[in-house]
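Mapping the sequence shown onto this note's numbering, position 44 (from 1) lands on 44, and the numbers just tick up by one.
These are calculated hints, taken from the structure and not from any lab test.
The C-beta atom is built at its ideal place from N, Cα and C for all residues, glycine as well.
Label-pair restraints from in silico Cβ distances:
{"hint": "1", "residue 1": "Arg23", "residue 2": "Asn43", "range": "14 to 22 Å"}
{"hint": "2", "residue 1": "Leu9", "residue 2": "Glu39", "range": "18 to 26 Å"}
{"hint": "3", "residue 1": "Gly53", "residue 2": "Ser17", "range": "16 to 24 Å"}
{"hint": "4", "residue 1": "Leu59", "residue 2": "Val38", "range": "14 to 22 Å"}
{"hint": "5", "residue 1": "Glu51", "residue 2": "Asp12", "range": "29 to 37 Å"}
{"hint": "6", "residue 1": "Ser17", "residue 2": "His44", "range": "23 to 31 Å"}
{"hint": "7", "residue 1": "Glu20", "residue 2": "Asp65", "range": "30 to 38 Å"}
Okay, derived cross-link-like pairs now, EDC-like style, lysine to aspartate or glutamate, Cα gap no bigger than 20 Å in a straight line:
{"hint": "8", "residue 1": "Lys10", "residue 2": "Asp30"}
{"hint": "9", "residue 1": "Lys57", "residue 2": "Glu39"}
{"hint": "10", "residue 1": "Lys57", "residue 2": "Asp30"}
{"hint": "11", "residue 1": "Lys10", "residue 2": "Glu20"}
{"hint": "12", "residue 1": "Lys10", "residue 2": "Asp69"}
{"hint": "13", "residue 1": "Lys57", "residue 2": "Glu20"}
{"hint": "14", "residue 1": "Lys10", "residue 2": "Glu39"}
{"hint": "15", "residue 1": "Lys10", "residue 2": "Asp28"}
{"hint": "16", "residue 1": "Lys10", "residue 2": "Asp65"}
{"hint": "17", "residue 1": "Lys57", "residue 2": "Asp12"}
{"hint": "18", "residue 1": "Lys57", "residue 2": "Asp28"}
{"hint": "19", "residue 1": "Lys57", "residue 2": "Asp69"}
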Amino acid sequence: MSLLKPDVLKPDLSAISVPEWVRFIAQDADGSWWGYSVEPLQNHRGWYENEVGEHVKLLQSAGCDRWYDHLFRL
Numbered sequence: 001m002s003l004l005k006p007d008v009l010k011p012d013l014s015a016i017s018v019p020e021w022v023r024f025i026a027q028d029a030d031g032s033w034w035g036y037s038v039e040p041l042q043n044h045r046g047w048y049e050n051e052v053g054e055h056v057k058l059l060q061s062a063g064c065d066r067w068y069d070h071l072f073r074l
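Please model the entire structure based on the sequences and the hints provided.
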């Protein structure tokens, strides 16, 4: 369930290797899915680490108009 919009479901990540330190996942406007060790901050087209954590690109999917609803705690 999305942290920002409860009716948005978390994507299935079973087919990819998600590092153990990833605690949040988020989708950018271009469809990129990122993993973050701490809750990311939002910018005008996506998410970014807040300078105290790590991040990693997990996968690429189609772009999403409502990307800002796609922030999930693992």
